[in-house]
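Going down the list, the sequences are from chains A and B.
Taking our numbering, the leading residue of the first sequence gets 1, the next gets one more, and so forth.
Taking our numbering, the leading residue of the second sequence gets 451, the next gets one more, and so forth.
Please note that the accuracy of each hint is not assured.
Taking lysine-lysine and the DSSO-like style, the derived pairs with C-alpha atoms no more than 27 Å apart in a straight line are [said to hold, decoys possible]:
| id | chain 1 | residue 1 | chain 2 | residue 2 |
| --- | --- | --- | --- | --- |
| 1 | B | LYS640 | A | LYS425 |
| 2 | A | LYS365 | A | LYS66 |
| 3 | A | LYS81 | A | LYS128 |
| 4 | A | LYS126 | A | LYS184 |
| 5 | B | LYS692 | A | LYS255 |
| 6 | B | LYS666 | A | LYS255 |
| 7 | B | LYS666 | A | LYS176 |
| 8 | B | LYS674 | A | LYS309 |
| 9 | A | LYS66 | A | LYS352 |
| 10 | B | LYS687 | A | LYS255 |
| 11 | B | LYS750 | A | LYS194 |
| 12 | A | LYS365 | A | LYS128 |
| 13 | A | LYS238 | A | LYS126 |
| 14 | A | LYS176 | B | LYS692 |
| 15 | A | LYS194 | B | LYS640 |
Just so you know, the hints here were simulated from the structure itself, not pulled from any lab data.
Just so it is clear, the structure is predicted and the values come from calculations on it, not from any experiment.
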Amino acid sequence: MRRSSKVHRNGATRLAATAGVVAALVAVAAGCGGSKKPSGTTTSSTSNVSGTVTFDGVWTSSTGQKQFQAVIDSFSKLYPKVHVNYKPVGNNLPTVLATAVAGGHPPDMADIAQPGTIQQFVNQGKLKPITYASSVMDQNFAPVWKQLGTFNGKLYALVFKAANKSVVWYNVPAFKQAGVQPPKTFTQLLSDAKTIKASGTPAYSIGGAEGWTLTDMFENIYLRTFGAAKYEALGQHKIKWTDPSVTTALTTMGKILGDTSNIAGGTSGALQYSFNQSVTNAFTTPPKAAMVFEADFVGSVILASTKAKSGTGFNTFVWPQITPGPDASAVEIGGDLMVAFRDTPAIEAFMKYLATPQAAEIWAKQGGFGTGNKNVPASVYPDPVTKAAEAPLLTAKSVVFDMSDGQPPAFGGTAGQGEWGLFQKFLQSPSNVTGIQQQLESAATAAYKK
Amino acid sequence: MSAGGITAEPPLAAAPPPTAEPGRFGRYLMVAVFLGPALVMLGVWMVYPAVYTVVRSLFGQTGFLGTWVGIDHYRTLFTGSYFVTAIKNNAIWVAVVPAFVTAIGLVFAVLTERVRWSVAFKTAVFLPMAISAFATGVTWRILYDQDPNQGAINALGRVVSDAVTSPGVLSTATPSTTSLQPHGGGLLLKTPLHPGGVALLGLTGIAPQDMPSGAKQAVKPAPKPGDVDGVVWRDFKPGGGKPGVVEQGEQGIPGVTVELHDSSGKVVQSAKTDASGTFDFTDVPAGTYNAGVGAGTFAKPFGGYSWLGTRLITPSLLIAYIWIWAGFAMVVIAAGLSSMPRDVLEAARTDGAGEWQVFRRVTVPLLAPVLSVVFITMIINVLKVFDIVFALAPESSQSSANVLALAMWYTAFQGGGNFGVGSAIAVFLFLLVIPVLALNVRRFKREV
Numbered sequence: 001m002r003r004s005s006k007v008h009r010n011g012a013t014r015l016a017a018t019a020g021v022v023a024a025l026v027a028v029a030a031g032c033g034g035s036k037k038p039s040g041t042t043t044s045s046t047s048n049v050s051g052t053v054t055f056d057g058v059w060t061s062s063t064g065q066k067q068f069q070a071v072i073d074s075f076s077k078l079y080p081k082v083h084v085n086y087k088p089v090g091n092n093l094p095t096v097l098a099t100a101v102a103g104g105h106p107p108d109m110a111d112i113a114q115p116g117t118i119q120q121f122v123n124q125g126k127l128k129p130i131t132y133a134s135s136v137m138d139q140n141f142a143p144v145w146k147q148l149g150t151f152n153g154k155l156y157a158l159v160f161k162a163a164n165k166s167v168v169w170y171n172v173p174a175f176k177q178a179g180v181q182p183p184k185t186f187t188q189l190l191s192d193a194k195t196i197k198a199s200g201t202p203a204y205s206i207g208g209a210e211g212w213t214l215t216d217m218f219e220n221i222y223l224r225t226f227g228a229a230k231y232e233a234l235g236q237h238k239i240k241w242t243d244p245s246v247t248t249a250l251t252t253m254g255k256i257l258g259d260t261s262n263i264a265g266g267t268s269g270a271l272q273y274s275f276n277q278s279v280t281n282a283f284t285t286p287p288k289a290a291m292v293f294e295a296d297f298v299g300s301v302i303l304a305s306t307k308a309k310s311g312t313g314f315n316t317f318v319w320p321q322i323t324p325g326p327d328a329s330a331v332e333i334g335g336d337l338m339v340a341f342r343d344t345p346a347i348e349a350f351m352k353y354l355a356t357p358q359a360a361e362i363w364a365k366q367g368g369f370g371t372g373n374k375n376v377p378a379s380v381y382p383d384p385v386t387k388a389a390e391a392p393l394l395t396a397k398s399v400v401f402d403m404s405d406g407q408p409p410a411f412g413g414t415a416g417q418g419e420w421g422l423f424q425k426f427l428q429s430p431s432n433v434t435g436i437q438q439q440l441e442s443a444a445t446a447a448y449k450k
Numbered sequence: 451m452s453a454g455g456i457t458a459e460p461p462l463a464a465a466p467p468p469t470a471e472p473g474r475f476g477r478y479l480m481v482a483v484f485l486g487p488a489l490v491m492l493g494v495w496m497v498y499p500a501v502y503t504v505v506r507s508l509f510g511q512t513g514f515l516g517t518w519v520g521i522d523h524y525r526t527l528f529t530g531s532y533f534v535t536a537i538k539n540n541a542i543w544v545a546v547v548p549a550f551v552t553a554i555g556l557v558f559a560v561l562t563e564r565v566r567w568s569v570a571f572k573t574a575v576f577l578p579m580a581i582s583a584f585a586t587g588v589t590w591r592i593l594y595d596q597d598p599n600q601g602a603i604n605a606l607g608r609v610v611s612d613a614v615t616s617p618g619v620l621s622t623a624t625p626s627t628t629s630l631q632p633h634g635g636g637l638l639l640k641t642p643l644h645p646g647g648v649a650l651l652g653l654t655g656i657a658p659q660d661m662p663s664g665a666k667q668a669v670k671p672a673p674k675p676g677d678v679d680g681v682v683w684r685d686f687k688p689g690g691g692k693p694g695v696v697e698q699g700e701q702g703i704p705g706v707t708v709e710l711h712d713s714s715g716k717v718v719q720s721a722k723t724d725a726s727g728t729f730d731f732t733d734v735p736a737g738t739y740n741a742g743v744g745a746g747t748f749a750k751p752f753g754g755y756s757w758l759g760t761r762l763i764t765p766s767l768l769i770a771y772i773w774i775w776a777g778f779a780m781v782v783i784a785a786g787l788s789s790m791p792r793d794v795l796e797a798a799r800t801d802g803a804g805e806w807q808v809f810r811r812v813t814v815p816l817l818a819p820v821l822s823v824v825f826i827t828m829i830i831n832v833l834k835v836f837d838i839v840f841a842l843a844p845e846s847s848q849s850s851a852n853v854l855a856l857a858m859w860y861t862a863f864q865g866g867g868n869f870g871v872g873s874a875i876a877v878f879l880f881l882l883v884i885p886v887l888a889l890n891v892r893r894f895k896r897e898v
């Protein structure tokens, strides 16, 4: 017994000792984790700036990580001592960032697609202004782009990647068969849609399963009816959703949504079509519809999932004019804004580089990328249809950001709730304009209350 | 080390006898080393977050803690329509799923008890358990697709429906002018006709690839005395053309049955259109007539039920969920069945009880413990259902299909990051599950 207890004690001690050694080894291994220093030729560097930049990005391996890495690589050639570590996070980036910020360990930089999220971070004082990039931006962007990155009076964000959302994609053979030309005004659009329906194809393809396609349509209608200033005011809830201007815009939108037999799948079908499905519906043979109201990223979906060819199978036209005037061809964009949570020389160098035309061109050449950088030549876009879709960005005087991205995410960015869910309800009953307005207003009030 | 031979080990009395203290210390150390990590992990990953969640639910919406709001979030939980739907749906799930799963499992287990192919059958029914609920959701979403060309269930519905009423030749067609009006499911030309008149029935909304084969350029026939003739044609050319006028490039529609109605509405003649869309009613007595196309031509094909629409989404989810878990119930109950004493059943049968009576009065009461295991497990599973609802319901139906776990995820981790209400939902869910869990634990204790 006593011997066994002696062995027991020895065994216990030995066990404790092993555990201690293992723990120590683990701690050392964890502490040693660090980035590999890239071995590369040192070109005559333009700068001795050194440091690391951690970057949380929304682009994953199938949605742009490779292209952005190419931008980082070309930046590293100019600043070989700066290491940018890109971490692909995906569409949950706002949530991941919010958690990281709440925990006190945000990344150095991030690209955020929702100005509403940026506004929240600015209000919490978590972002650092990027006024050092101001002069580079003045050289390369029209003033309106700097305005988009300004929050509470200071410059906090750079609009690096922009998507033109005021563009409509149409099926060229279907339009030819119906004998219609791309419409320039909204009235022409409605009459064209009637003709297309008479030719045997529904006119509209709507991806109602995803609420943001419907909010994009509403925003374009509101922008073109009432102009950029009122649009911004509604986006900041300075105008209520029960305002008569919203009534007008919703009634106009009801002219499209209420035309059930002219929508692919009818209303119930449209409510179940995802965005991708709504694109393929318009460009399969035979097409289920003749046009899709959505942004420039529709092009890559068409090429990936259908056999339609650029120019002969699909093409674009600018969102039709509603009220003539200076904002008749205003551009609504979605996009990615670069922000910084800290301020170091390395971060400043990278941010300033991203505002240069070289950085934009690297990605623009590969397609799926639009920019407001006016020093990027339009010839850099890989095909004529992309060029036509992106060119307005370079020349637009009036640019506004996607309204639902600029609002508190609980209202403007949650599946099935807030704006997204209510517009889906509107698609179900487009005649119930006042009812939807009241629900939108109460949802907005609740979201802005915080 | 021994010098050789038998080593005289130091007499145990010589070495200081290990006292009780180090032994107990050694034992505690063993306990600490083996249980410690698990206890630490439990404390860090379960106890602390649980306590923090309860505390968090009493504070503000965003941020690490926010401002004190008391039971405000619980009030939102029980009054907001989004959450009330979730609670209602969870109640439906709890009422329907455990009962159905247990019943179906019981039926399958009893029916296949002594059949030769019972193993193969049980394997087939149990297979869905091997698939993740998310994958099941994705699969059933495709099955439920409204388009009969995509969704298998609606495709089956179309087969049945087409056997009853076959779709018409021109199901998408609409009149091109207002003189052609809907009438009893078909179309009727309102302009009155007399013998020697020509009827023009122009239709639009027909895609060129949907035109019947053999269609030729439409021809407006010349009036014939004593006859009523006319043309049915696709009144559309690129740009629209002039509605109601037969133009070059517009095709006639062959094979359409046209009916001649007299002034009382009775059909007196019918004729079929030829390749250029013309038809001819011969030897028409004097009087006023109307020409029209019957309802059969416009019968719409089966459009498919909207299984994923807001009305039917919860039943659709319940079906898919029961499909997964019926196998589990069947296997557990079959195990319980096989360990049941047979002599009681034999005694009941010799006493003259029918099979149904044996089942109801003997088998089921004897199986009661097993059935309650299945039932309670299903209640706990159903209270926290999330992945199948998230995967199966399209975004437009998610708020109608809402359940508590889904509502919690959307509220806390999507969009607004409203951790206050999210924590309140988590606490509420916890409180719902506790009684069921306590029942389970008590049963285990009793069995032991």
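Okay, the hints, checked on the actual structure:
1. B:LYS640 <-> A:LYS425: This hinted pair is violated, its Cα atoms lying about 39 Å apart.
2. A:LYS365 <-> A:LYS66: holds (13 Å)
3. A:LYS81 <-> A:LYS128: holds (23 Å)
4. A:LYS126 <-> A:LYS184: violated (44 Å)
5. B:LYS692 <-> A:LYS255: Holds, because 24 Å separates the two Cα atoms, which is no more than 27 Å.
6. B:LYS666 <-> A:LYS255: Violated: B:LYS666 and A:LYS255 sit about 36 Å apart, past 27 Å.
7. B:LYS666 <-> A:LYS176: Cα-Cα ~21 Å, so holds.
8. B:LYS674 <-> A:LYS309: Given pair B:LYS674, A:LYS309 is violated - Cα atoms ~52 Å apart, limit 27 Å.
9. A:LYS66 <-> A:LYS352: holds (21 Å)
10. B:LYS687 <-> A:LYS255: Holds. B:LYS687 to A:LYS255 sits at ~25 Å (cutoff 27 Å).
11. B:LYS750 <-> A:LYS194: holds (21 Å)
12. A:LYS365 <-> A:LYS128: violated (31 Å)
13. A:LYS238 <-> A:LYS126: Satisfied, since the Cα-Cα distance of roughly 25 Å is no more than 27 Å.
14. A:LYS176 <-> B:LYS692: Answer holds: A:LYS176 to B:LYS692 is near 18 Å, not above 27 Å.
15. A:LYS194 <-> B:LYS640: holds (24 Å)
In summary, the structure is inconsistent with hints 1, 4, 6, 8, 12 from the numbered list given earlier, while agreeing with the others.
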